Amino acid sequence: MKRLASLSLFSTLSSFASLSTLAGCIDLTPDPRETIGRLPSGVPEPADNPTRPETVELGRLLFWDPILSGDRDVACATCHHPSFAYSDGLASTIGVGGRGLGPGRIADPDAPRLTRNSQTVLSSAWNGLTFEGATSAEMAPMFWDNRSVSLEAQVLGPLKSDAEMRGTSYGEDEILGELVARLAGIPEYQEKFAAAFGAGGVNETNLARAIAAFERTLVPKNSSFDRYLAGDDDAMSVPAIRGLRGFIAQGCSRCHSGPMLSDFKVHRLPVPTRPGDPEDLGDGFGQFRTPSLRMVSRTAPYMHNGAFATLGEVFNFYHNVEVTDPLLAGDVEPAHGAGEDLLLFFEALSDGAFDRTIPERVPSGLPPGGL
Amino acid sequence: MMVSPVAAQPEVDAAHVAGSPDERRSPSITVSAGAVLPLLLPYEFPGPWVAASVAWPIRERLELVASADTGAIVAAGSTRFVGGLGGGVRFSPWWRIWGQLGLGMTGYVERIGVVLPDREVRATDVGVALTGDVSLGFRITRQWEIVVGYDHQLLWTGPEKMEIGTETLPHIGTGMISIGRTL
Numbered sequence: 001m002k003r004l005a006s007l008s009l010f011s012t013l014s015s016f017a018s019l020s021t022l023a024g025c026i027d028l029t030p031d032p033r034e035t036i037g038r039l040p041s042g043v044p045e046p047a048d049n050p051t052r053p054e055t056v057e058l059g060r061l062l063f064w065d066p067i068l069s070g071d072r073d074v075a076c077a078t079c080h081h082p083s084f085a086y087s088d089g090l091a092s093t094i095g096v097g098g099r100g101l102g103p104g105r106i107a108d109p110d111a112p113r114l115t116r117n118s119q120t121v122l123s124s125a126w127n128g129l130t131f132e133g134a135t136s137a138e139m140a141p142m143f144w145d146n147r148s149v150s151l152e153a154q155v156l157g158p159l160k161s162d163a164e165m166r167g168t169s170y171g172e173d174e175i176l177g178e179l180v181a182r183l184a185g186i187p188e189y190q191e192k193f194a195a196a197f198g199a200g201g202v203n204e205t206n207l208a209r210a211i212a213a214f215e216r217t218l219v220p221k222n223s224s225f226d227r228y229l230a231g232d233d234d235a236m237s238v239p240a241i242r243g244l245r246g247f248i249a250q251g252c253s254r255c256h257s258g259p260m261l262s263d264f265k266v267h268r269l270p271v272p273t274r275p276g277d278p279e280d281l282g283d284g285f286g287q288f289r290t291p292s293l294r295m296v297s298r299t300a301p302y303m304h305n306g307a308f309a310t311l312g313e314v315f316n317f318y319h320n321v322e323v324t325d326p327l328l329a330g331d332v333e334p335a336h337g338a339g340e341d342l343l344l345f346f347e348a349l350s351d352g353a354f355d356r357t358i359p360e361r362v363p364s365g366l367p368p369g370g371l
Numbered sequence: 001m002m003v004s005p006v007a008a009q010p011e012v013d014a015a016h017v018a019g020s021p022d023e024r025r026s027p028s029i030t031v032s033a034g035a036v037l038p039l040l041l042p043y044e045f046p047g048p049w050v051a052a053s054v055a056w057p058i059r060e061r062l063e064l065v066a067s068a069d070t071g072a073i074v075a076a077g078s079t080r081f082v083g084g085l086g087g088g089v090r091f092s093p094w095w096r097i098w099g100q101l102g103l104g105m106t107g108y109v110e111r112i113g114v115v116l117p118d119r120e121v122r123a124t125d126v127g128v129a130l131t132g133d134v135s136l137g138f139r140i141t142r143q144w145e146i147v148v149g150y151d152h153q154l155l156w157t158g159p160e161k162m163e164i165g166t167e168t169l170p171h172i173g174t175g176m177i178s179i180g181r182t183l
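Chains as they are written, first to last, in the working numbering: chain A, 1 to 371; chain B, 1 to 183.
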């Protein structure tokens, strides 16, 4: 009889366990401000710079032409190269005076130094897009500190920066005039500007518009993540889906939210300064914008100064981070199965196809992509 | 004169130390209920856990144990059902306390559900792990005991590695705490 009572107890406890377990099968429904999603099909564009084939083609040539640097040695593509997912694979980018491409690029010790990581141009057409609303192309935030808005405005920044492209041969007030004069002196550019912009021809506004129009075409398509969200059940593996769940459950999407996996706000994090680098105060308050995680597997190193070489180092940073931003309350740690799941999820965000075309020549006759 | 714990608890020893040949051959069955703890992962919650074990006395203070258990680890958007079979050797230095070492096979089925604006994310993962098990029991009475245990994953299925860095805390094992009753 006692044995029967014990078996009854065991049966009751088993039932309790089963019911408790079933009750635990609760879906994770993130807060609307902390959820993630797929990108819209259409890229936003400003009313005064519609994306046209002539504009895009001109922008591509300008993007690759080192004639836009003071000493004709650096092109936009030098630090935003398709072989490195339109970044450069360096911790902090090397502009004027450098030689080579990608992680092997060697700096000129006498040239001004840069301390920030080169962000990918891919998907920057959607900067500012969150679930709270789409930012217009004219107001899309740019750079690590959101210091300018719109791709058109962003284009002119590196051209005027002494460390990035201008060098020291021209002053900041002189360089755009010099570049326009150079382009106007090349008949092929004259023709292409006329085809793209009509009577406006070669001027700094159209120069920026052309490059921005090209950059709006640099949008990876059909990533595994987007295909999965569009209904393709086989697009993401189970471990990658587990990584997606862990990404949200652990709080990553408190900042890395929306279709771009960025809230496009600036936050203050205790990212270590790299040895030899001066302290970088970002927006003036030590804050930097949440980077998009689109293409994140292809754009190492990480953080605003490239302080971390791998995503594993980034995970460790968040695991140990001291809370300096209210959104970061609590740890970030891998879920069931650990960080490999997160890496597989990140890969699903990064395997979209994008334009890798490298022009054989540019109208200036200089080597495409610079020295 | 030293008094051995065996001599001090004769009625208990008869059951647990297996004094006679008949008692040595007769197995004892214990059922347990408690919680399974996903160690080192603070955002996952303890889940229910039940187990049954059979212990055969093989010599004085030593038993051979076979066990089966089932439980669930619950987290937001994920429920991992676990079920295991294992065996081990249990040693009782004193009648109130025993320690056990063993090996086990733990299978799992994980159900994942996340509701995103674009779609409901659903996935089911299955796998199995070979575990090394250690547990410690405290007998309250002849029939009731409290047990704490830990199953450390030695080998597991699935493509994922379990660690990604020096500081990251991986899911490498589970803890259990339970109350058992010997039938």
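Source of the hints: derived by calculation from the structure; they are not laboratory data.
Some hints could be false.
To be verified - Not the full set, but computed from the structure, chain B residues with beta-carbon under 7 angstroms of chain A:
1. Ser26
2. Pro27
3. Gly83
4. Gly99
5. Arg119
Stated by the list, open to error - Far from chain A, by Cβ distances over 12 angstroms, these chain B residues were calculated:
6. Val74
7. Val89
8. Ile112
Being a predicted model, the structure only gives us computed values, none of them experimental.
Don't be surprised by glycine CBs; every beta carbon is placed ideally from N, CA and C.
Under the constraints set out in the numbered hints, which ones does this structure not fulfil? 1, 2, 3, 4, 6, 8
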